[in-house]
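With the first letter of the sequence shown counted as 1, position 129 gets the number 129 in the UniProt record's numbering; the numbers rise by one all the way through.
Think of the hints as simulated: they come from the structure by calculation, not from any bench.
A portion of the hints provided could be inaccurate.
Cut-off 25 Å, straight-line C-alpha distance, at most; resulting in silico cross-link-like pairs (SDA-like, lysine to any residue) [as the list claims (entries may be wrong)]: (1) K96 to V86; (2) K96 to V77; (3) K96 to G115; (4) K96 to S107; (5) K96 to I116; (6) K96 to V118; (7) K96 to L81; (8) K96 to V119.
Pairwise CB distance ranges, derived in the manner of DEER restraints [as the list claims (entries may be wrong)]: (9) A93 to V161: 34 to 40 Å; (10) R140 to V176: 33 to 39 Å; (11) L180 to A113: 54 to 60 Å; (12) G141 to F109: 44 to 50 Å.
For every residue, glycine included, the Cβ atom is placed at its ideal position computed from N, Cα and C.
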Amino acid sequence: MSFGDPQNPYGQAPPPPQTPPGYGYPAAPPVPQQQAYGYPQQPGYPGYPGGMMMAPQMPGLMQTARVFLFIVGAVQVLAGLGWLFVAAVADDASDKTNDTFGDNFASDFGHAAAGIMVVIALLALGLAALSITLGARLSRGRQGVRITTMVYGILGALVGVLILASAADAGSSSAVVIALLWLVFGGIMAAAMMTRDGAAWFNRPRY
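Make a model of the complete structure from these sequences and hints.
Printed below as a string of C-alpha coordinates:
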(Lines of atoms letter the chains of each structure in order from A; the text may use other names.)
(Lines give C-alpha, C1' and ligand atoms only; values in the text may rest on other atoms or scores of the structure.)
Protein backbone atom coordinates (compact mmCIF):
# COMPACT_ATOMS: atom_id res chain seq x y z
CA MET A 1 0.00 0.00 0.00
CA SER A 2 1.45 3.41 -1.01
CA PHE A 3 0.51 6.96 -0.15
CA GLY A 4 1.02 10.28 -1.91
CA ASP A 5 1.41 11.56 -5.42
CA PRO A 6 4.57 10.30 -7.15
CA GLN A 7 4.93 13.66 -8.98
CA ASN A 8 4.94 15.63 -5.76
CA PRO A 9 8.50 16.09 -4.46
CA TYR A 10 7.27 16.41 -0.91
CA GLY A 11 4.88 13.42 -0.94
CA GLN A 12 1.64 13.29 1.05
CA ALA A 13 1.00 12.26 4.63
CA PRO A 14 -1.00 9.01 5.16
CA PRO A 15 -4.54 9.40 6.52
CA PRO A 16 -4.98 8.96 10.31
CA PRO A 17 -6.24 5.60 11.60
CA GLN A 18 -10.01 5.29 11.91
CA THR A 19 -11.93 3.52 14.64
CA PRO A 20 -13.88 0.57 13.30
CA PRO A 21 -17.63 1.16 13.29
CA GLY A 22 -19.55 -0.20 16.26
CA TYR A 23 -16.96 0.56 18.92
CA GLY A 24 -16.97 3.76 20.94
CA TYR A 25 -17.68 6.92 19.05
CA PRO A 26 -18.80 6.91 15.42
CA ALA A 27 -16.08 6.83 12.83
CA ALA A 28 -14.67 10.22 11.92
CA PRO A 29 -15.30 11.48 8.43
CA PRO A 30 -12.37 11.04 6.04
CA VAL A 31 -9.90 13.88 6.00
CA PRO A 32 -9.85 15.64 2.62
CA GLN A 33 -6.60 15.24 0.80
CA GLN A 34 -4.41 18.28 0.58
CA GLN A 35 -3.25 19.56 -2.73
CA ALA A 36 0.30 18.89 -3.75
CA TYR A 37 2.84 21.46 -2.71
CA GLY A 38 4.82 23.45 -5.24
CA TYR A 39 3.92 25.12 -8.53
CA PRO A 40 2.43 23.20 -11.44
CA GLN A 41 4.83 22.24 -14.11
CA GLN A 42 5.06 24.68 -16.97
CA PRO A 43 4.76 23.43 -20.53
CA GLY A 44 7.99 23.29 -22.46
CA TYR A 45 8.84 25.77 -25.16
CA PRO A 46 10.22 24.93 -28.59
CA GLY A 47 13.83 25.63 -29.30
CA TYR A 48 16.69 25.31 -26.89
CA PRO A 49 16.11 23.53 -23.55
CA GLY A 50 14.86 25.86 -20.88
CA GLY A 51 14.28 28.85 -23.19
CA MET A 52 12.26 30.31 -26.01
CA MET A 53 13.04 29.68 -29.67
CA MET A 54 15.94 31.85 -30.81
CA ALA A 55 15.08 34.49 -33.39
CA PRO A 56 17.01 34.25 -36.68
CA GLN A 57 20.01 36.53 -36.93
CA MET A 58 20.50 38.94 -39.83
CA PRO A 59 23.57 38.07 -41.92
CA GLY A 60 26.69 40.05 -41.08
CA LEU A 61 27.07 41.72 -44.49
CA MET A 62 23.45 42.83 -44.34
CA GLN A 63 24.00 44.32 -40.89
CA THR A 64 26.89 46.32 -42.34
CA ALA A 65 24.69 47.50 -45.21
CA ARG A 66 22.06 48.54 -42.69
CA VAL A 67 24.58 50.65 -40.75
CA PHE A 68 25.73 52.26 -44.02
CA LEU A 69 22.14 53.12 -44.91
CA PHE A 70 21.69 54.92 -41.61
CA ILE A 71 25.01 56.76 -42.05
CA VAL A 72 24.10 57.83 -45.58
CA GLY A 73 20.68 58.94 -44.38
CA ALA A 74 22.21 61.10 -41.64
CA VAL A 75 24.65 62.71 -44.10
CA GLN A 76 21.80 63.40 -46.52
CA VAL A 77 19.77 65.05 -43.77
CA LEU A 78 22.69 67.34 -42.92
CA ALA A 79 23.24 68.11 -46.61
CA GLY A 80 19.55 68.92 -47.11
CA LEU A 81 19.48 71.26 -44.13
CA GLY A 82 22.72 72.90 -45.34
CA TRP A 83 21.29 73.54 -48.79
CA LEU A 84 18.15 75.04 -47.27
CA PHE A 85 20.28 77.40 -45.18
CA VAL A 86 22.34 78.46 -48.19
CA ALA A 87 19.17 79.00 -50.21
CA ALA A 88 17.74 81.24 -47.52
CA VAL A 89 20.97 83.27 -47.39
CA ALA A 90 21.02 83.62 -51.18
CA ASP A 91 17.39 84.72 -51.23
CA ASP A 92 18.03 87.38 -48.56
CA ALA A 93 21.09 88.62 -50.42
CA SER A 94 19.07 88.94 -53.61
CA ASP A 95 16.46 91.07 -51.86
CA LYS A 96 19.14 93.35 -50.39
CA THR A 97 20.83 93.70 -53.80
CA ASN A 98 17.58 94.81 -55.37
CA ASP A 99 16.79 97.24 -52.58
CA THR A 100 20.28 98.75 -52.48
CA PHE A 101 21.38 98.89 -56.10
CA GLY A 102 18.10 98.43 -57.94
CA ASP A 103 19.63 95.64 -60.02
CA ASN A 104 16.72 93.49 -61.07
CA PHE A 105 18.89 91.09 -63.08
CA ALA A 106 21.12 90.21 -60.11
CA SER A 107 18.10 89.92 -57.88
CA ASP A 108 16.30 87.58 -60.27
CA PHE A 109 19.43 85.50 -60.70
CA GLY A 110 19.81 85.19 -56.94
CA HIS A 111 16.18 84.12 -56.50
CA ALA A 112 16.58 81.51 -59.26
CA ALA A 113 19.73 80.17 -57.63
CA ALA A 114 17.94 79.99 -54.29
CA GLY A 115 15.11 78.05 -55.92
CA ILE A 116 17.56 75.53 -57.39
CA MET A 117 19.15 75.11 -53.96
CA VAL A 118 15.75 74.43 -52.43
CA VAL A 119 15.11 71.71 -55.02
CA ILE A 120 18.50 70.13 -54.23
CA ALA A 121 17.72 70.31 -50.50
CA LEU A 122 14.35 68.62 -50.95
CA LEU A 123 15.98 65.91 -53.09
CA ALA A 124 18.59 65.27 -50.39
CA LEU A 125 15.94 65.08 -47.67
CA GLY A 126 13.85 62.72 -49.79
CA LEU A 127 16.85 60.42 -50.32
CA ALA A 128 17.54 60.60 -46.58
CA ALA A 129 14.01 59.40 -45.86
CA LEU A 130 14.50 56.55 -48.34
CA SER A 131 17.84 55.52 -46.82
CA ILE A 132 16.52 55.50 -43.27
CA THR A 133 13.35 53.66 -44.29
CA LEU A 134 15.29 50.95 -46.10
CA GLY A 135 17.63 50.54 -43.15
CA ALA A 136 14.70 50.17 -40.77
CA ARG A 137 12.86 47.74 -43.05
CA LEU A 138 15.76 45.35 -43.62
CA SER A 139 14.94 43.47 -40.43
CA ARG A 140 11.36 42.59 -41.44
CA GLY A 141 11.03 43.58 -45.08
CA ARG A 142 10.33 41.36 -48.05
CA GLN A 143 11.52 41.16 -51.65
CA GLY A 144 10.47 44.72 -52.45
CA VAL A 145 12.86 46.07 -49.82
CA ARG A 146 15.63 43.82 -51.10
CA ILE A 147 15.25 44.91 -54.73
CA THR A 148 14.96 48.61 -53.81
CA THR A 149 18.07 48.44 -51.65
CA MET A 150 19.95 46.62 -54.40
CA VAL A 151 19.07 49.26 -57.02
CA TYR A 152 19.81 52.03 -54.54
CA GLY A 153 23.26 50.61 -53.84
CA ILE A 154 24.05 50.17 -57.54
CA LEU A 155 23.05 53.78 -58.29
CA GLY A 156 25.15 54.98 -55.34
CA ALA A 157 28.16 53.07 -56.66
CA LEU A 158 27.65 54.62 -60.11
CA VAL A 159 27.56 58.08 -58.54
CA GLY A 160 30.83 57.22 -56.82
CA VAL A 161 32.36 56.23 -60.18
CA LEU A 162 31.28 59.54 -61.74
CA ILE A 163 32.67 61.53 -58.82
CA LEU A 164 35.92 59.56 -58.97
CA ALA A 165 36.31 60.29 -62.70
CA SER A 166 35.69 63.99 -62.15
CA ALA A 167 38.05 64.08 -59.18
CA ALA A 168 40.79 62.39 -61.18
CA ASP A 169 40.55 65.07 -63.88
CA ALA A 170 40.44 67.91 -61.36
CA GLY A 171 43.12 66.45 -59.09
CA SER A 172 40.99 66.92 -55.96
CA SER A 173 41.98 64.59 -53.13
CA SER A 174 38.85 65.30 -51.07
CA ALA A 175 36.61 64.44 -54.02
CA VAL A 176 38.52 61.16 -54.45
CA VAL A 177 37.84 60.25 -50.82
CA ILE A 178 34.13 61.06 -51.18
CA ALA A 179 33.95 59.02 -54.38
CA LEU A 180 35.61 56.01 -52.73
CA LEU A 181 33.17 56.21 -49.81
CA TRP A 182 30.22 56.20 -52.20
CA LEU A 183 31.72 53.24 -54.05
CA VAL A 184 32.25 51.23 -50.87
CA PHE A 185 28.87 52.07 -49.36
CA GLY A 186 26.92 51.46 -52.56
CA GLY A 187 28.84 48.30 -53.40
CA ILE A 188 28.26 46.74 -49.98
CA MET A 189 24.55 47.64 -50.05
CA ALA A 190 24.11 45.98 -53.43
CA ALA A 191 26.32 42.97 -52.63
CA ALA A 192 24.47 42.28 -49.36
CA MET A 193 21.22 41.94 -51.28
CA MET A 194 22.74 39.71 -53.98
CA THR A 195 24.34 37.09 -51.74
CA ARG A 196 22.72 33.75 -50.98
CA ASP A 197 22.40 34.65 -47.31
CA GLY A 198 20.66 37.89 -48.23
CA ALA A 199 18.16 36.13 -50.45
CA ALA A 200 17.52 33.50 -47.76
CA TRP A 201 16.94 36.24 -45.19
CA PHE A 202 14.11 37.79 -47.19
CA ASN A 203 12.65 34.36 -48.04
CA ARG A 204 12.64 33.12 -44.43
CA PRO A 205 9.30 31.94 -42.97
CA ARG A 206 7.40 34.57 -41.00
CA TYR A 207 5.43 33.70 -37.86
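A quick look at each hint next to the structure:
1. K96 to V86: Holds: K96 and V86 sit about 15 Å apart, inside 25 Å.
2. K96 to V77: violated (29 Å)
3. K96 to G115: holds (17 Å)
4. K96 to S107: holds (8 Å)
5. K96 to I116: holds (19 Å)
6. K96 to V118: Status holds; Cα separation ~19 Å.
7. K96 to L81: Roughly 23 Å separates the two Cα atoms, so the pair holds.
8. K96 to V119: Given that 25 Å is the threshold and the Cα spacing comes to 22 Å, the pair holds.
9. A93 to V161: 34 to 40 Å: Once the Cβ atoms are compared, 36 Å apart, the range 34 to 40 Å for V161 and A93 holds.
10. R140 to V176: 33 to 39 Å: holds (37 Å)
11. L180 to A113: 54 to 60 Å: Violated, at about 30 Å.
12. G141 to F109: 44 to 50 Å: holds (45 Å)
Of the hints listed earlier, those the structure fails to meet are numbers 2, 11, in rising order.
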